[in-house]
Amino acid sequence: MGGIGAAVNHSPGEALDLAGIFVFAVSGALLAVRKDFDLVGMLVLAGITALGGGVVRDLVLGAVPPVAFTDPGYLLVPVLATAVVFVAHAPLGRLGTPILVFDAAGLGLFCVAGAAKALAYGLGPVQAVALGTITAIGGGVARDVLANEVPAVLRAGSVFYAIPAVLGATLVVTAQHFHLYGSPAAAGAAGLVFALRVLALRFGWTAPRPRPPADTTDD
Amino acid sequence: MGGIGAAVNHSPGEALDLAGIFVFAVSGALLAVRKDFDLVGMLVLAGITALGGGVVRDLVLGAVPPVAFTDPGYLLVPVLATAVVFVAHAPLGRLGTPILVFDAAGLGLFCVAGAAKALAYGLGPVQAVALGTITAIGGGVARDVLANEVPAVLRAGSVFYAIPAVLGATLVVTAQHFHLYGSPAAAGAAGLVFALRVLALRFGWTAPRPRPPADTTDD
Amino acid sequence: MGGIGAAVNHSPGEALDLAGIFVFAVSGALLAVRKDFDLVGMLVLAGITALGGGVVRDLVLGAVPPVAFTDPGYLLVPVLATAVVFVAHAPLGRLGTPILVFDAAGLGLFCVAGAAKALAYGLGPVQAVALGTITAIGGGVARDVLANEVPAVLRAGSVFYAIPAVLGATLVVTAQHFHLYGSPAAAGAAGLVFALRVLALRFGWTAPRPRPPADTTDD
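Protein chains in written order, with our numbering: chain A, 79 to 297; chain B, 79 to 297; chain C, 79 to 297.
Please keep in mind that the hints were generated in silico from the structure rather than gathered at the bench.
From the three backbone atoms N, C-alpha and C, an ideal C-beta is built for every residue, glycine too.
It cannot be assumed that every hint is accurate.
Below, a sample of chain B positions facing chain A; criterion: calculated Cβ distance under 10 Å [unchecked claim]:
hint	residue
1	Asp114
2	Phe115
3	Val133
4	Val142
5	Leu153
6	Leu270
Pair by pair, the computed Cβ-Cβ distance ranges are [what the hints assert, rightly or not]:
hint	chain 1	residue 1	chain 2	residue 2	range
7	A	Leu154	C	Ala273	23 to 31 Å
8	B	Asn226	A	Leu158	52 to 60 Å
9	C	Ser261	B	Thr252	40 to 48 Å
10	B	Thr252	A	Phe256	50 to 58 Å
11	B	Thr252	C	Leu158	51 to 59 Å
12	A	Arg289	C	Pro169	52 to 60 Å
Work out the full structure, taking the sequences as your base and the hints as a guide.
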C-alpha cells in the first residue's frame with residue numbers, strides 16, 4: 079500500500095496525476111467557453127471535470143477528506159488551467175487532436191490510480207474495476223451534466239472511452255491478483271488505455287449499441 | 079440490528095433486494111435505449127438507477143464502502159439487466175405494465191430497507207423517513223438527470239411515486255417506535271407501498287400541484 | 079472548535095442557519111412552480127437547494143451523518159418553506175427583490191459556516207475557501223441541474239454570486255490565520271458577502287467572461 083499511496087500522493091507519480099488533472103480541467107474550461115459561461119462557470123467546470131471522479135472514489139472508499147481537499151495542488155491546477163483557457167481558448171479550441179491525446183493520457187492514469195486505490199482499501203476485483211472506471215469517466219460525466227448536455231461518453235456513436243478504462247482497471251486487478259502489480263504494471267496498464275483510446279479516435283471505434291427501436295414507428 | 083443487517087445483507091431478504099436492483103436497472107437500460115445511448119450508456123444508466131439511491135444512503139450514514147461496493151452481486155445484477163435489455167429491449171419496452179409493477183416492488187423494498195438502515199445507524203424518525211425516500215427515488219432521479227431529462231418523479235401530472243415511499247418509510251419508523259419492527263412489519267410496509275403505487279397507476283392518482291401561475295400571462 | 083461547532087449547531091447562530099436554509103428552500107420551491115412540478119418536485123427542489131451544499135461539505139469532511147440528517151429542524155424547514163410557497167407562490171414570485179436579498183443573506187451565512195467548519199476539520203486555507211464556496215453555491219447548482227437548466231451561477235452575464243462567496247470564505251481563512259476568527263469576524267465576513275451581492279444586483283456587476291469565440295463563425 080505504501081507504493082500505491084506514494085504513487086497517488088508524493089512521488090514522480092504525482093506529477094503525472096497533476097498532468098492528468100490539468101488536461102481534464104482544460105477540457106472542462108473549454109466546454110464552459112463553448113457554453114458561453116463566465117469565469118466562475120469555467121472554474122466550476124474545470125474543477126469538477128478534473129476532480130469529480132477522484133472525489134467520488136474517495137467518498138466511496140471512506141478516504142476523507144478526499145485527496146482533492148488535502149493537497150492544495152489538486153485545487154490550484156484547475157485554477158491554472160482555467161487561466162490558460164481564459165486567455166488562449168481560441169488556439170486551444172483549434173488544437174482538437176492534441177487535447178484529445180492528453181485527455182487519453184489522463185484517462186489511463188485515472189483508471190489505474192482509481193483501481194489501485196480501491197484494491198488498497200480492500201475492495202474486491204469487480205468493485206475495483208467499477209471504481210477505477212468511475213474515477214476515470216466520472217468527472218467528464220459531471221462536466222456534461224452541469225453543462226446541461228447528455229454526457230458524451232453515454233451516446234451511441236461516441237468513440238471508445240469507458241471501455242479502455244474498464245480494460246485498464248481490469249489489468250490492474252489481474253496484476254494485483256498475481257502479485258505482479260507495481261510501477262511497471264501501472265505504467266503498462268495506463269499506456270494500454272492511452273493507446274486504445276488514441277487508436278479508437280484514429281479509426282472511429284465505437285461501443286456496441288442496441289438495435290435501434292425501429293418498431294416504435296408502428297406505435 | 080442483527081435482523082435488519084441480515085435483511086439487508088445475507089438472507090432471503092437479499093434475493094428481494096437483488097430483484098429490486100434488477101428491475102430498477104432494467105428501467106435505466108430501457109431509458110438508455112430510448113435516448114439512443116450505446117452499451118456503455120446502458121450500463122451507466124442501469125447501474126446508477128439501481129444503485130444510486132443506496133450509495134447516497136450509505137454515504138450519508140457513513141456506511142462505507144457502500145454495500146454496492148462490498149457485495150459483487152450488486153454490481154453484477156445491473157450488468158445482467160443490461161445484457162437482457164440489449165438483446166430484448168423491443169419486447170421489454172412493449173411490456174409497459176409488467177415493468178411498472180416490478181418497479182413498484184423495488185420502490186417498496188428500497189424505501190423500507192433505507193428507512194430501517196437509517197434507524198439502525200441511529201438517525202431520528204424524520205431523518206429516517208427522508209433517507210428511506212431518498213433511497214427509493216434517488217436512483218431514478220439520477221437516471222433522468224444523466225439522460226438530460228427533467229426527473230419524472232418531480233413533474234406535475236406524474237403518478238404517485240415518492241408519496242408511497244414516504245408512507246412506507248413512515249410505517250417502518252412507526253413500527254420501530256412501538257418495538258413492532260421486524261420481518262412482518264417490513265413486508266407489510268413494502269407491500270403497502272407496492273399496492274399504493276399499483277393503484278395509483280391504475281387510477282391515475284397524482285400528487286397535489288400548486289395552482290398554475292396564471293398571472294404570469296399578464297407579464 | 080467549540081465556538082464554531084456551537085455556531086453551526088446549537089446557538090443563536092442556528093437561528094441564522096435555519097433562516098438561510100428557509101430562503102434557499104423558498105428559491106428551490108419557486109423554481110419548481112415555474113417548471114410546473116408537483117408538490118413532490120417542490121419538496122425535492124426546496125430540500126436540495128437548502129441542504130445540498132451542506133451535505134456535500136459534510137461528506138467531504140467525513141462529518142457523517144451530515145448535520146442535515148442529525149437535526150430534524152434542517153429537514154423540517156424546507157417542508158415549511160414548500161408549504162408557504164405552495165399557497166403563496168404568486169405573491170412570493172412577484173417579490174423578486176426581497177427574495178434575492180434574503181438569498182444574499184443565506185449566501186453569506188453558508189460560505190462563512192462552510193469555510194469555518196472546513197478549518198475546524200483541519201483543511202488547509204485553499205481547501206477551506208473552496209469548500210466554503212461549494213457550501214454556499216452547491217445547493218443552487220444542484221437545484222438547477224435537477225430542474226434540467228444550466229446552473230444560473232455558471233452563465234455569462236449572471237450577476238456576481240460565487241465571487242462574494244469566495245471573498246467571504248477567504249476572509250474567514252485570513253482571520254483564522256491571524257487568530258482573529260470569532261463571532262465578530264464571522265458576522266463581518268457574512269455581512270460583506272451580503273453587501274457585495276446586493277450591490278452586484280443593484281449595479282449589475284458580472285464576472286469576467288472569456289472573449290466570445292468569434293472565430294467560430296469561420297467554421
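Tested hints:
no.: 1; hint: Asp114; verdict: holds (5 Å)
no.: 2; hint: Phe115; verdict: holds (5 Å)
no.: 3; hint: Val133; verdict: holds (7 Å)
no.: 4; hint: Val142; verdict: holds (4 Å)
no.: 5; hint: Leu153; verdict: holds (5 Å)
no.: 6; hint: Leu270; verdict: violated (33 Å)
no.: 7; hint: Leu154(A) with Ala273(C): 23 to 31 Å; verdict: holds (29 Å)
no.: 8; hint: Asn226(B) with Leu158(A): 52 to 60 Å; verdict: violated (30 Å)
no.: 9; hint: Ser261(C) with Thr252(B): 40 to 48 Å; verdict: holds (41 Å)
no.: 10; hint: Thr252(B) with Phe256(A): 50 to 58 Å; verdict: holds (53 Å)
no.: 11; hint: Thr252(B) with Leu158(C): 51 to 59 Å; verdict: violated (22 Å)
no.: 12; hint: Arg289(A) with Pro169(C): 52 to 60 Å; verdict: holds (53 Å)
In summary, the numbered hints that this structure violates are 6, 8, 11.
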